[in-house]
Every structure is written in C-alpha cells, then in structure tokens.
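If you read the sequences in order, they're chains E and C.
Just so we're aligned, residue 1 is where the first sequence starts under our numbering, counting upward by one.
Just so we're aligned, residue 1001 is where the second sequence starts under our numbering, counting upward by one.
Just so you know, these hints were derived from the structure itself, not from any lab.
All values reported here derive from a predicted model rather than from experimental measurement.
A few of these clues could be false.
[What the hints assert, rightly or not] Non-contacting residues of chain C with respect to chain E, defined by C-beta distances greater than 10 Å in every case (computed):
| # | residue |
| --- | --- |
| 1 | GLU1032 |
| 2 | SER1034 |
| 3 | ASN1054 |
| 4 | GLY1065 |
| 5 | GLU1084 |
| 6 | ASP1102 |
| 7 | THR1112 |
| 8 | ARG1154 |
| 9 | LYS1178 |
| 10 | ASN1201 |
[Claimed, not checked] Listed below are the simulated BS3-like cross-link pairs for lysine-lysine, each with C-alpha atoms no more than 30 Å apart in a straight line:
| # | chain 1 | residue 1 | chain 2 | residue 2 |
| --- | --- | --- | --- | --- |
| 11 | C | LYS1178 | E | LYS15 |
| 12 | E | LYS632 | E | LYS200 |
| 13 | C | LYS1008 | C | LYS1178 |
| 14 | E | LYS710 | E | LYS541 |
| 15 | E | LYS632 | E | LYS672 |
| 16 | E | LYS813 | E | LYS710 |
| 17 | E | LYS332 | C | LYS1178 |
| 18 | E | LYS782 | C | LYS1137 |
Cβ atoms here follow ideal geometry from the backbone N, Cα and C, with glycine treated the same way.
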Amino acid sequence: MHISPLARRLPRDFKNNLGKYLGIFGLLVMAVTFTSGFLVSAYSIADIAAGMREAYNIEDLYFVTMYEATDEALDAVEDLGARVYPNFSRDVPLSLGAANKSTDKSTAEAAADAAEGAGKGAAEGAGKDMLVRLYKNRDGSFDGVAYAQGRAPRAAGEVALDRVFCANHNLGLGDTVRIANEDFELVGICTLSDYQATYKNADDFMFNATTFTVAQLTNEEWERLVGDGATYRYSVLIDDRTMDLTGRTTFEEDLVDAVNDNGSTVSDLMDRESNIGLTFAADDVEGDSTMWETLMLVLIVIMAFVFVVLTDATIEQESAVIGTLLASGYRKRELVAHYMVLPTLIGLAGCTLGFALGNTLMAEPMQGLYYNSYSFPPYVATWHPRVLVITTVVPFCLLVVITLLGLLRKLGATPLQFLRGEASAKARRGGMRLPERLGFVARFRLRVFLRNLSHFVTLFFGIMFGSLLLLMGLALLPVVSINADLMADSVPAEHLYALKAPLKLDATQSERDAWAAMFELSTNPVYAGLDLDLLSDAVDKLEEMGVDLGDMPGLDGADADGSGKGSDKGDGAAKGAAGSSGASDGAAKDAGDATSNASEFTLPPQIEAMVEDSAKHRNWRADDPAIHALWKQVAQAAGIHLKGNDGDLTELIRTLDKFHVQLHALGDDEAKAAWELLQDLMEAAEDESVDLGSLKDPVNQTAIDDETLKQVEKFSVATLQVPRRIGDSTEAVTVYGIEPGSRYWTYADVRNGHIVAGEGLFSKCNVEPGESFTALDRSTNKTYELAVDDACNNGCDLNIYMSVDDFNKLFNKSADEFNGYASNVALPLDERYVASDLTPDKMRSMADQMQDSMGQIMTLIVCMVIPIYVVLIYLLTKTVIDRSARAISYMKVFGYRDREIDRLYMRTITFTVVFSLVVNIPILVELFKLLLTYMMADYSGNFVIELPMSLMAREVGIGFLTYLVVACLHMRAIRKVSLSLALKVQE
Amino acid sequence: MDNERFLKLENVQKSYGEGEARVEVLRKITCEVSKGEICVLFGPSGSGKSTFLNLVGGLEPADSGSIWVNNNEITRLSNRELVEYRRRELGFVFQFYNLVPDLTIRENIEVTRFLSQNPLPVDDLLHSLGLWEHRFKFPNQVSGGQQQRCAIGRALVKNPTLVLADEPTGALDYHTSKEILALMERINQEYGCTMVIVTHNDALRHMSHHILRLRDGKLVDDVRNDHVLPVSQIEW
C-alpha cells in the first residue's frame, strides 16, 4: 500500500500552523474537559442520589406525633402495609472545641469561609449559635447512614456528625465538639440519607450546613441527652415501594386515621416528594445538568462554526497546491483524506485529552460543587455513555463531519479554479466598481472590507457566538439578582402563612381555653385510657331520658348552657375537622369529642359519691332495682327528673360507671389533671359567647389585638401541576383563592369570576390567556380545566389567582374554608398549625441561596468561557489578518509606514470587530433569553431576563480587550515576516 | 488515430461568459501533435494559449469539438475519468511552480511519483535536474530556477506521455530560462515524452519540432520545424 508523500508535510503543516491547530486543540480540550468533568460528576451524583432510596432504605414518608405514639397506633400503621421506625430526635446547642487537632481556624472564620467559599450551605453565616439534631445510631433498616470517615459511635462521649458540616468547619476525626455543654469526640463523619440537604425544618427556604447539623449517638447517650424532650418522628417505609403519589396520599390519609384512632395524634406528616431534605439536592443536580448540556450545545455550535471557518481558510490558503495536485492527477478523495488527517488527529487528541482531564483533573472540583453543599454518600463515578457521546464523541464527529463537508464543498471547484485562486465563489465574481468621488483611502478600506466580506461576516457571527458564551458566564448571576428582587416583590404581604388547618384567630379567652383543654384531652396519650365517647353516650342517654342538662346544677357551679349542646359539638367537631393536615384533623376530632362529653361530668355529687362507693366494692349490678331507686332518689333530690324505663337507667349507670372506672385507672395525678381539664372546658362553656360547637377548627392560643386582626386576610391555596412549554415535565403552580378587592393582592383583580395569573405562567407553561388548559392535582390525581383571563404582576409570578369563592367551588371545599393568612404584621400563630411563613426576606434569601448555589458554577463557566473566547477571537481574526498579511507586506514594500498600513487595514478589521460587538448586543439579548429559557426549563419558577446596560458594556469591553490582545499578537507575527519572504510566497 | 498523431484537436471551441459578455477564446481549433514532439504554442496575451493547454490537460471542458490524447477522446471523459487521464498521461509545469511549501525539493517530486505505476527514479531525476545538492531544502530556500526545475521534476517523475508547460520560463531570468529549456530538451530526448509548451518567447520556436500560433482564438500558424536547434545555440 502506498502512503502518500503528502503525509510527510503533516508535521510541518502542524508546525507552520501551530496557532491554528493549538487553537482548535485548546478549544476542544477546554470545552470537553469542563463539560465532561461536570456532567460525569453530575450524572454520577444523580445516580448516587437516585440509588440512595433503595441502598439506604430511605423513608417514603414520616409523621410526627404529639407524644410518643402508642404501640397500637404503630401496629395499625403497619397493618396498612408499611414498616414504621421510630426516628426520634432533639435539637440541642452545639459548639466546636477550641483545641481541635484539625481546626486551625476559629469557628467563626471557618464558618465565614464556608459562607464565602462553599456557598451553598452557608445560609446563616458565622457567629451564630449552632444546633445539632441528635439521632440514635441507625442500623440501616431505614434512612441509612453512609460513613465518609470513621465509624458509628460505640461508647459514651462519641459522636458522628454530618460530612458537609464537618467540611465547613474543618472538623476531623478525633476533634472535640461540645453538645449540650458536654464534650464529645468526633468518631464518624457521615451522611444521614434523610438529610442530603440539611434543612432544619421542612418549610425552611434555605438549607444550612453551617450552623445546623445532624448527629448520631449511641442509644444510651441519646437517651441520656434527650430524655423526654424528643420530637416523636416516625419514618415509614411502605411495603409497595413503587406506590405513586396518589396512592401514597391515600395511604397517608389512612395512616393519620389509624394513628389518631389508636390513642395518638399526628401533628405533622411529610411525603418523600415534599421533603426537601431528600429532594432538593437531586433537583439541583438535575437542573444544573440541563444548564451544562445547553452550554455544551452552544460550545458545539461555536466549534462547528470555527471548524467551517478554518477549513475554508485552509483550502483558500492551499488553493494553488490543491490545483497543482489535482492537475497532476490526484483524486479529490486523496486530497480530502490528506486534509482530513490533521483536524482528525487534533480533534481526536483534543477530545480524548479533554475527556481524560474532565474525568480526572476536573472530577474533584466538579464534585465539590455539590459535595461542598450537599451530604451525599462517598462519591463513586459511574459510567455514562451519554456523557462521552455528548461531550466528546459529538464534538469530535462534528469536527470530522464539518471539516469533511467543508472540504468536499470547497474541493468541488475545478483544478483550474484552484490554480487561479478562484476556489471560492466570491473570488470568481470579480471586484466591485466603487464611486470615484470617494478618496483613495476610503476606497482602499472599502476594498479591504469587500474583499474580506465573507470573513467579516464570519467574524461577526463568531463574535456573536463567543459573546453569547461570555454573556452566559457574566449575566446569570445579575439575572438571578434581578429575579430575587422580583420574587421578593411578588410576595404581597410581609407574611403569608400557609396553614395545616384553618386556625381561628379571633377567639375569646374562653374559646382558647376550651380548645386547649379539648386538645390536651384528645392528644395526650396519658388520657388515652379515657373513652370520651362514654360521656357523649351518657349525655345522649340523659337527654333521651328527658334531662335538660342546662338546668342541672353541676359541680363547682358549672352551668349547663354549653353542655346542652354537647352532643352536637361532638358531631360538629368531627365534621369540621377537615383541615388540610390529617394531624389536626384527628386532634380536632378528638378534642371535639371531649367537648361534647364535658357536661356529663357535672353530675350531682350524690351520684358521684354513690358511683364511687359502688365502684370500690363492685358489689352492685347496674340493673339492680335498689340501685335504680337510689339513682332516682338522688336525682330527684338534685332536682332532676329521670324519665325512661329501667333499661335506659341501667345503660346510663353502666356508661357512667365505665367512664368513672377509666378515670380512676389513670392514677391520682393524671385523673386530677384530666378532671381539671374537664373543669376548664366547663368553665369555658359557662361563657355565653363560646359556642363550643363552633370550635370545629383549631383556635390560636395567643391573643391577637384587634388592630392586627383587622389587617389579616384569609386566603386559600392549592398546588396544581401545569404542563411546561418546554419538555414534557410539569410546573408546580400555586393557585390562590383570595378576597376580591384584596388589600394585599392589589394586582390581581378577581372580581366577577375573573381568574388571573402572574405573567410568568404564560412564559413558563403552555397557557394562553382565555384558553383553557388542564392542571393536575398530583395528590388526588384529579384534573381541573382552567382558563386564565389575564396576566398580572411580573414574570417571576406563576401563581393563579381567583376569588376564594371560586376557589372553594373549584376544589369542592365548603364556603368558609381557607388555609392561609396574609398579614403585614407577624402573627403569633401556633406553630403546629403553620405549614410555612413566606416573607419577602425569605424569598430574597431563597434567591440568595440560588445565587450561592449557582455562583460557583457561574465562576467556573466564566473561567471556561474567557479562554475559549480568546481562542475563538484569535482563530477568527487570524483568518482575516492572515489573508491580509501579504497585502500588508506589499504596502510596506511600497513604502507605507506601519501607522499608514494600520489605517488601511487594521482599522477596517477593528471597525468590524467593534461593529460586531455593538450590533450583536440586541441579538445577544434575544439569544440569551432563548437559551436561558431552555437552560432553566427544569428549574421551578420562571426567570425574567433583563440584562443591565452596565453588563452589556462590560461584555463589549471584554470582547474588545480580547480583540486588542489577539490583534497585537497577529500584528507582531506579520511584522516579523520579512518583506522579501512575503513577496517570494506570492511567486 | 495512431501513436504518431499523439495529440489531436478537431474543431475545438471554447468561450467564457454569456450574452454580450461572451468572449470566444478558442475558435474551431484543429491541429495534431506527434508523439515525442516538442510543440511550442505562441500567441499574444489573451489569444487562448493557456485555455488550449487547459483543455488538453482536461482542466476544463471544451464547448464543442474533440480532443484526442494517446488515442483517448478526452472530451468524452467524465470528471472521474479525466482524473485518471491526468494521473496516467500528464505532467504539468506552471509558470509560478506551485510547489508545496512545506515539502522538501525531493518530497515535492515524490508527490507525483506516488501516482504513477512506472515512475522514474527520483535520485536519477534529481541528478538530471541538478537538484541533488538541494534535495533536502524547502522551496523557499532555493532560487526560482531551482523551484522550476523541481516543478519540472514533479511533472516528469510520473513518466508521463504528455508534458504541458504553461510559460515555464515566464518568471525566470535569461540564463535560468535557458537552463530550464535545455533541461526540457534533454528530458524530451531521454524520455521521449511529448511536450506542449506555452510561451511568449518567440526564440523557443527554434528548439521545437512543431510550432502553433494563436491569435484571437484562432490557429493562425501550424508548422513543423525541420531545423531544430539545440537550446544552447538559441539566443534571445
């Protein structure tokens, strides 16, 4: 087989065009290194996050009870088809030891460093009190723990802490930390799989790996430190791990009922999809991956563009040689093969090296983007063919294919055209006649411009792509900042409280007392042995027997006014306990039952004494006529006339006796406490203003002044999934039911059945004004047909607004239902009923965290973009300047001074560059908007893309400075070429 | 057509442009060149000399008429066949050499040797061309005459049957031109290849066997020279 002698020129061609080939090589290496490095890390982390659920038996949901749940309650949950694991915790103060082996900085400095450097976890900054949430060692059966270093605590005085917290504070094994004022040795650095992002509370807007962390202790140490002060959280793994959200929602409703029906009360419940500690990190990785893939797409377009330009330039430069070889009998494919060798080898080397560097050199910094913020198990790179394909194979193939197509296109010219230097169509067209009235210099410049028109057009587009890349690096953070302000402005009140149950604010003290008593009796498992239904049954029976409880004198002067309505109250409470939280549902129901039974306890003391005496001896029977006579006698003495037959009386006596036995079975203190609670309830009932039956919803326990109450506005809120414009995913859109003419949502006119939505909804989702669309409630799997009449507010706002009446009709709620308060004054609401408190500051903080989260990536992008931009401008201007180099040499031979030559040539090029930089601004803005829309497609929310003029000025400035550097390099190279050589080449 | 009539053109026409801009470059050219002849093609600028050469070389198609080379009617050949024709039969020499700048003198000659089934020995050729001492130099390190010798070597190394030379001495001084012409004469004699040389230099008619003269696209002279002089005896 013959090897073409042309092969020998390859190394020389490489050497002679070192700048060009190094440019391509550098471009490929940089692009592939950064993108493959990021995507390999991101995909691997996404795999780790996705695999954690099975590998670490991560909970499907958790619930919290007011008190430790009864065994019956837990059994009842397990009977639903799940395993329940107590996952109790307590937050206690934490401080870092002063003499730590590995801590060479002060805690404050470390925290400050963490805030500045790690970014993502540094939510609250340094210098604040720290908290640690203590857990018992877990055995891996649920929410497993991954140890990055060390081991689980085995002895007293040992602790294991979250990895990110340790990293943020330079803590290492053997260091000492103070937990609840006791020294503990750090023996393990770990990841608790349910704290991938360390959110202190599920409704927090920011995670915090700086002043909050989680820890594991031995069971004994945990018991000693926590004692009775635990949060009773239970992790639940549903047997059917594939159950979808709709199924889980039903399961969760059943769970609440099961717990509440078995002596405990659910105070909080969180599905895994709503648990940001489990989802936030993985969502962040996914969103960033989309951004980098978009960036890669831009890079590929830029590289394709550069390859086309360089191929054209090569052919043009080699025109005479190609013509000669063709005339000598070379086949085109032989020449194509020859001209393909170097780009292919360079491309292969660049892509291979880039991929290798990406997977080695960049792996750690890229992992660090997430591992510095999120607590994942130790990193394990996983093989993703997609990363190789999109970051390496595609750019390489693109280089090869584009070069090949460019060569084939260019080599379509005849040998003669090559020999005459007419390989390009423009060269064959000939010159344009220019008006004589133009001066020589102007015409000359115009000629330079026209002769290089195609190159200038190329340069224009090259600058456009390069500037776009640069803009992506420079503009994202300012855009986030602008959006942070808009998001903050979108919060209509200083506080938007989302409630787990409709919490009553305008209650009297009596109502608050009544509710508190009801709540305690119904939720405290100490009183679980009291069957309050017995009292309810007794009341019913007494009423059947014609007893007007309202007229019956009670103990301690208890008036029967309220008690007369007791049975209704129980029903009402049960019916009314339809809040959004199952926990409060149960609590409200049980408390309501308690209310209904309160009046029965106001039996005459004689009966009480008799029952008590009888109970002691247990020597009587409820159907004993003597007992009946005694009851009737005592009742009559008390002014009560008992109607009904003996059977009714027997039943009444048995019921009351049972309750009495239960009460006295509590033990003296508990019985006394229960008695006092019942008395509180009765006292509350004395207040005529209190309608215990109306206390179907929880009552806030702190009084709120009238002025504050006046400015409070109720609203309803729900979340629906609306299809996004891009991709097949959905956006979680908040639907607000607000008061028409609201003082807070002034921008949302929802009068007369109007439905409006923030402008962002129309940008992000497939929604048009006036046209109906389908939205899905994922928790019920129910779909809703909605039509939004008009847009309101700003582009960051994706909420849908309607009147509260329309809202309740739409979601089939009762007319007076609500689940939120808007207020400009902070309200002292009972925490157990508050799902979230959204404030403009929190919204700003969320955006700040987003900035922190994106900040490192943006810095990385700028670091990547600027060298690529320099190389790009270098390569593109090189084609123009190279082409003019010979002519410039001529001018020098003719006697032109360098300055004069600059005027003729360089000014034209400079003008084109400046023109391109400036004229590209509006194009860039539009392109950037388009790209960002795609990049942010997988993030929640909508970005309003406004680019400040100062930013664009910076962009142009960087572009021009880059050109100046590059132009100086070219001019220096041109001036070093000897004049005779330049002329000789022309021969 | 036999071997004696190695090259034959019959009513060959070629024009450029269309409408009013149409220029007829060659008008019904008919002529024959025998095998082993040195044929010199004269004519003023714009007379159609280079176009004549390009048509014979298969670098561009004729509008009408036929061209036979070595019994092949090249005007009927496809582009692919034209490539094979050039590969097999032709050697090209250009006025401005068109050497590959990043190949040495030797390598520039080897570039076309590679295309031939029976190439000439490169070393012999380098000696014959007087380039042996310069074989490792690059084109920009040698004189114009040496570059043209190299270009001639590149054309000859394939051992072509037909050498087409377009103003081979056009860019050279008198002495160098004579050296080049003497070289071509010697090669013609040594290797017996047919040569068509386009030139402005009227003195070259003395060294040629066959003289063609073009004017305004028409063949105005087609004469054989029975008194061929060696180049050394020619002055201009």
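Going down the list of hints, with the structure as the test:
no. : hint                   : verdict
1   : GLU1032                : holds, 23 Å
2   : SER1034                : holds, 23 Å
3   : ASN1054                : violated, 6 Å
4   : GLY1065                : holds, 18 Å
5   : GLU1084                : violated, 8 Å
6   : ASP1102                : violated, 4 Å
7   : THR1112                : violated, 5 Å
8   : ARG1154                : violated, 7 Å
9   : LYS1178                : holds, 20 Å
10  : ASN1201                : holds, 19 Å
11  : C/LYS1178 to E/LYS15   : violated, 37 Å
12  : E/LYS632 to E/LYS200   : violated, 61 Å
13  : C/LYS1008 to C/LYS1178 : holds, 29 Å
14  : E/LYS710 to E/LYS541   : violated, 44 Å
15  : E/LYS632 to E/LYS672   : holds, 28 Å
16  : E/LYS813 to E/LYS710   : holds, 25 Å
17  : E/LYS332 to C/LYS1178  : violated, 35 Å
18  : E/LYS782 to C/LYS1137  : violated, 83 Å
Going through the hint list in order, the structure does not satisfy hints 3, 5, 6, 7, 8, 11, 12, 14, 17 and 18.
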